[in-house]
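J.: If you want the building blocks of each chain, they are given just below.
There are 2 protein chains.
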Amino acid sequence: MDLEKVREKSINLEDIIIQGLCQRARFKHNNAIYEHNSKKFLFSNNYEGTYFDFMFKPIENVHAIAGRYECFDERPFYKGLSQSVVKRDYNSKIPDDILKFSKKINFSPWIKISYLNFLKDLCSNGDDANYGDSVLCDIFNLQAISKRIHYGILVMEAKYQKSPEIYNELLSKDDDISISSELKNVNVELKVLERVREKSIKNGIKNPDVIVNFFKNIIIPMTIQVELDYIFSKSILSKKS
Amino acid sequence: MDLEKVREKSINLEDIIIQGLCQRARFKHNNAIYEHNSKKFLFSNNYEGTYFDFMFKPIENVHAIAGRYECFDERPFYKGLSQSVVKRDYNSKIPDDILKFSKKINFSPWIKISYLNFLKDLCSNGDDANYGDSVLCDIFNLQAISKRIHYGILVMEAKYQKSPEIYNELLSKDDDISISSELKNVNVELKVLERVREKSIKNGIKNPDVIVNFFKNIIIPMTIQVELDYIFSKSILSKKS
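First to last, the protein sequences are chains A and B.
Under full-length UniProt numbering, the first residue of the first sequence is numbered 1, with each subsequent residue one higher.
Under full-length UniProt numbering, the first residue of the second sequence is numbered 1, with each subsequent residue one higher.
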């Protein structure tokens, strides 16, 4: 596992997320997209649900069939997706035990909830009928955000490798609070948030605080939660084997 | 039709395309994606074709079912897509006669060919196994490029409205060459290309010339071709009615 590469990929995902959020902000909130059985959409096939799920799940299913979720750093948002029908190489040189300890970690559905809630702050109120574009923006953003957050697994493993005795000690006491504090690095966070602010401004957003706060209050805490889940999962599964 | 809005949308699409191309350039060419029955992909459902089409067509089909191609400025890349099952509002205040004269104009399959050919210049040679991400980048780029090029219809209509006598005169002589010259504005093009260069550099591309040349040699000429097709189609259909 090449930590420098993880860092580089993570910063690139940050770019992608910020660009994507700024694109989404060009459209109105278009709340009807996220409403169950909104009267703005009449489905001739008797579909019941939101227009958002109507588009996202079958698209995710195509990705699943094409093998997306065979890849280490991809976590689906929906259940009941089709199996992949393709055998191919994957660009993942993740050690087997990281795979073993992390494969059940999937926060994507929770990320989706927080993201959809955040749209109210990101977008101006109202309806501009750019429904499809809004959903595609959302899918693009959610997939990048999910990947960025689940990279917490690799970050955690790297931190653990650096000082296993500290973490083993805390894990033996099931001390999640102390591990969280151990993982939190206020200075690094401030640097990330400053970078997010600069990039948001460069991408023409009117109110960069909205995006900075999303990183501060959602993306970073969720990443730490993934780190925490991973290290506990590793600890429990290591004992078993 | 609000020309200022068309211009604004067109420049925004330029941003999206440049960002997307720079993202695609982060991956290798991954030529196997575009090879018919490449041995890098084993399909358990006996699919024959490229991995690229394997992903793109069903994704486009989801878009079709969700109503994408009911919208004026969307042109599909594949044939035989499913009908939309949803009735909803569309954000399009395009006059009916523009719709009538333009609905058969679809250059997307040609855009796809040129784009795939261009990838050899955009990406470095080789295979990094980022197949899915590469295809998703390509889909994102192709849809934006197609929209940008088909905006030529609106640009043409605006130019025609400004000086109908010039175009009517040339159309009466079937003089496509003179209309093309009329449409070409070297100074505007140079400005666009300069803007493309600056944005490409800002997006961290090593060789901005590649993207500038793609705009110069593919996107701009194809836009003019769409303009030309539209004005001839309008001329022929107007005579008939």
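In case anyone wonders, no lab produced these hints; they're calculated from the structure.
Source: prediction; values computed, not measured.
Among these hints, one or two may not hold up.
Identical copies carry no separate label here, and so any pair may be met within one copy or between two of them.
Only pairs whose alpha carbons sit at most 25 Å apart, straight line, appear in this in silico DMTMM-like list of lysine to aspartate or glutamate [what the hints assert, rightly or not]:
| hint | residue 1 | residue 2 |
| --- | --- | --- |
| 1 | K57 | D209 |
| 2 | K5 | E198 |
| 3 | K28 | D174 |
| 4 | K100 | D175 |
| 5 | K39 | E194 |
| 6 | K9 | D128 |
| 7 | K199 | E8 |
| 8 | K5 | D128 |
| 9 | K206 | D176 |
| 10 | K87 | D15 |
| 11 | K199 | E14 |
| 12 | K28 | D73 |
| 13 | K216 | D175 |
| 14 | K206 | E8 |
J.: Does the structure break any of the earlier hints, and which numbers would those be?
T.: Structure breaks hints 1, 3, 5, 9, 10.
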